[in-house]
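> The residues making up each chain are set out below.
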Amino acid sequence: MKMNIGTKSQIKLIALLSVLLIALAGAGCLGQNSSDQKVVSSGSTTVLPLMQDLAENFMDTHRDVLISVKGGGSGVGIAELIDGSNDIAMSSRKIRNNEVADAKANGVTVVEHIIAYDGITVIINPSNNVSNLTVEQLQKIYSGEIRNWQEVGGADSTITVIARDSASGTQEFFTEAVMGNVSYRNDMIVQAATGAVTQEVSQNERAIGIIGAAYQISTVKAVAVNVDGTEVMPTEENILNGVYPISRGLYLYTDEAMSKAAADFIAFILSPAGQKIVKDMGYAPV
Amino acid sequence: MTKSRKVRDFKEKLMKSLFLIGGIGTILILLLICLFLFAEASGFFKTYSLIEFLIGTEWKPGARVEVFGLLPLFFGTAAVTAGAIILAVPIGILSAVYIAELASPKAAEILKPSVELLAGIPSVVLGFLGMVLLVPNIQRLFDLPTGQTALTGAIILAIMALPTIISVSEDAISSVPIALKNGSFALGADHWQTIYKVIIPAAFSGISASVILGMGRAIGETMAVMMVTGNMAIIPGTDVFLSSVRTITATIALEMGEVARGTEHYYALFAVGVVLFIMTLFINLVADAVKRRHKLEA
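These protein sequence lines map, in sequence, to chains A and B. Per our numbering, numbering of the first sequence is gapless, rising by one per residue and ending at 286. Per our numbering, numbering of the second sequence is gapless, rising by one per residue and ending at 298.
If we strip away everything but chain B, and leave its shape as in the complex, we get (with noise of 0.2 Å):
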């Protein structure tokens, strides 16, 4: 064996423990996070009762007599998030079908990092583009007490939540066999009953798949919509998304400066946090498990 092979091998070595250790250290980081958010919280329901804590409907920390109950803040990160899902679904959809099928070329070139720039601008440009644009005249247009409502909220998560939903569902419909495509059209079907009948089908997992992720970006976001929907910690009424909302996210970035270490309210924090940790962790693998579908199918 020639010297510069022998240093070739260890220096091959050594990359690959390298890697290893930077795979480990991650899943370790992650651990680590999940032991010390489900400790802290399980300190909450040794005083506080689980079953009053889902069910609850106020959130008054700090009262005299103080309160948990999750539902406020679970019904705002709720209906901010399907709001945004309202509002971004069709729009990413047929954004994803026009760059793969529809644009020219040159059109896709300029849609595409388009798209991406998107998902650059940071969450506190469009929270502030928001509270200066779209509080005011959601006021003036509904005759509003106040601007900053769960519709505010789930207009800007849908900017956000719009380039996840568009680049996944664009590899999803490129990725569709070219032999599908040409069968339909040896059929006799014109490009929209193809893109509608046989593309979007054969796709159909990977745009849900985009959507759910899309819900995922939405449902973690803070800052943006902590500076537009109001923060009130009440259940909205059934002008829901009109009403000022909490979401789970702004409860714990907003409650959790003031805290001090071990009260009832920095572990009740915890299991909020928790309770977002699982719906994200729900979201993530129900996303995967539909990719995964999508990827036997293909």
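Chain A on its own, in the form it takes in the complex (with noise of 0.2 Å):
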């Protein structure tokens, strides 16, 4: 009797199993619409919101062409590229010189475009008195020799370190521009979005935490850099003319032998009407 229990349900379990199969084995099928232009871009979460933005508004103008937006970071979009699993690479750092020898030995040849520019905006807690860090004490306190608010001008609390995952482009730009050889102190919270670093820094007094100076919100307090004395908002005006130390471009990358349809979509992005989008997301046009 038990037995046939187990093998009653071990069919019932195969059964689904086959059902599922199939399913999705027709999924497959009925996707493919071959009238339509197919664009896949993926890679860098921070150019992620703009580009989906950017895709509505060319496929209004275009029902033919069909882009679909991905994220996963910008080095999985950039290896997608390698692999020509993508059309589009999206990325908030520029490409390593051996990626693009790995492009080219893939028959890949790379074509940069810059389609618009991003600061990096450090935040902390409204309640922190805190206006302004220079570069170097920043790099000092994530690199953990600063751990007290108080040797920044702060309050006596214990300064509680907030960065990105290491897939993050806004992590990998921070790391470049501000810690350069020096490296992170080991006990630093990571969060693997945007949303999680600024959600923690909203509700901890002691946080600090790095974002992209796209997503400011009210419920944190953007730190201003001190350059030479004064102090540098991350302001569009700034990240554009180079003033404000931390800033990146954000960059699109594809084969030099790309679809009409894709270097289309890229025509527009840099257009006038492109950018305009680019400037309402909070970037800075290029």
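FYI, nobody ran anything at the bench for these hints, they're computed from the structure. It should be emphasised that the depicted structure is a prediction, and the values quoted were computed from it without experimental measurement. Keep in mind that a hint or two might mislead.
Lysine-lysine pairs mimicking DSS-like chemistry, simulated, CA-CA at most 30 Å apart [as the list claims (entries may be wrong)]:
| no. | chain 1 | residue 1 | chain 2 | residue 2 |
| --- | --- | --- | --- | --- |
| 1 | A | K276 | A | K70 |
| 2 | B | K197 | B | K291 |
| 3 | B | K46 | A | K104 |
| 4 | B | K60 | A | K140 |
| 5 | B | K106 | B | K197 |
| 6 | B | K60 | A | K70 |
| 7 | A | K94 | A | K140 |
| 8 | A | K276 | A | K94 |
| 9 | B | K181 | B | K291 |
| 10 | B | K60 | A | K94 |
| 11 | A | K221 | A | K279 |
| 12 | B | K106 | B | K181 |
Build the complex: two chains, separate frames, hints provided.
In structure tokens form, the structure reads like this:
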């Protein structure tokens, strides 16, 4: 009797799995629509919301083009471009030389398009009275040399350092622009998304975090970067003219021989209409 | 033989082979995953010593000298899982006993679907609730640098392990033969004595299996844990539950996105994945053994 019960549930499981398999195969066939030109873009989660907005606007006027936009991180986007599994790689860092070489070896000649500029905003809890930090102080906070807010003119409390995961372009750019060769402290909190950083900073008085400038919201306070005694806020103007020290370009990478649809899309992004969307999303246009 | 009979036979055979293909497919997928996982992980030990990996106390990929020590991640997973079990087992077993033994049919009718509903809450939702509700309160309560701690993760995981523990324990308790119960009553024992002297011991292996399965559920969970434990890759100090920890699953999820294929770091993540695989496999085998013993006894 016991045995019977076992086999019955096994058959049930197998039946369920077969149904799933068949459904999956069916879905695969249905997903294709041969009349549409498909453009696949993937990569940086920083570029993602901007890219989605741009894609929607482009598809409004180009009904025959289907642009899919996925995240994954800058590194993933570039890896997929090298593999040939996307058409456009979104990246919030410059492509590395070895990645260009890998692409070349795979028959992909990488072309770079800068579509916008973005700054990294250093954020703290609104109740924290620190108003500016130098790049050197930031480096010391993230390396663990400075561990109390008092050392940078704040209240006497420990600093809770929040960083992004290593797949994040924001984190990578912060490493490049602020840390240089200095390593991060071991005991920092790592968050997987910008939203998680702002959430923690907004509810933790001791916290400091970094986010893309376009994400800044009112529940957290932006810290000005002290450049030779002047407080520089990450405003669009300061980012564009290079006064704000922690700013970067947002890039798209494609193969030189991209499809016409992809080329049209990039031309649209760089056109005045596209750049207006860039500006509306809080980035500095090129 | 009539025609309809032939058609029926053919149908029977067709269905049989369809099921067979499904079953073999599942096993094949499992085999391929194992093969891939172990092959990729073995690449790591070509350049990195196994001993240094197993007893390494630092996890520092991307540093100038990359270090891949398992211990901080292992302790992170162990702390969060142990915490979850400590919290979930008493609540789980009490609810199971209540549903199986004490609740009126009406109350049980409401409780059982509720437990199943709890299992249906997506982990990311629980993670978000933990982030917004638990994290700030735990920070305030214990005056910590952050509320993203092993304890926070353990509470969320306990909630996720509860449905497993309750439904499997409840099954075990309900399947205790009525004769045992009646015998106990006949000897003059009251309901409470019957529950803890007769029913719980009789259902013990089923209850243990439920705990082990709940543990398996907790070990493998990624999203919710990643959102509330702070992901600090250091070995927790004496106040294990109040420090931020990074679990094995969170490490893979956090770092897989960026890692370049073929690097030592890439293979290290697979090695960590193998450790997790072995841990869950072990737990499942133990649960299976305990359950089988339970069936034999019954």
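> Are the Cα positions of K106/B and K181/B separated by 30 Å at most?
Holds, because 22 Å separates the two Cα atoms, which is no more than 30 Å.
> Please verify whether K60/B and K70/A have alpha carbons no more than 30 Å apart.
holds, 28 Å
> Is the hinted pair K94/A and K140/A satisfied, with a Cα-Cα distance of at most 30 Å?
Given that 30 Å is the threshold and the Cα spacing comes to 25 Å, the pair holds.
> With the threshold set at 30 Å, check whether the alpha-carbon distance from K276/A to K94/A stays at or below it.
holds, 23 Å
> K106/B and K197/B were given as a pair; does the straight-line alpha-carbon distance stay at or below 30 Å?
holds, 26 Å
> Straight-line Cα separation of K276/A and K70/A no greater than 30 Å?
holds, 22 Å
> Assess, step by step, whether the Cα of K197/B is no farther than 30 Å from the Cα of K291/B, and give holds or violated.
With a Cα-Cα distance of about 21 Å, the restraint between K197/B and K291/B holds, given a limit of 30 Å.
> Below or equal to 30 Å on CA atoms is what counts here, so check K46/B against K104/A.
holds, 28 Å
> K181/B and K291/B: Cα distance at most 30 Å?
Satisfied, since the Cα-Cα distance of roughly 21 Å is no more than 30 Å.
> Going straight from one Cα to the other, do K221/A and K279/A come out at no more than 30 Å?
Holds: K221/A and K279/A sit about 22 Å apart, inside 30 Å.
> K60/B and K140/A were given as a pair; does the straight-line alpha-carbon distance stay at or below 30 Å?
With Cα atoms ~19 Å apart, K60/B and K140/A stay inside 30 Å; holds.
> Are K60/B and K94/A close enough, with their CA atoms no more than 30 Å apart?
Distance ~23 Å between K60/B and K94/A Cα, so the pair holds.
Violated hints for the displayed structure: none, as all numbered hints are satisfied.
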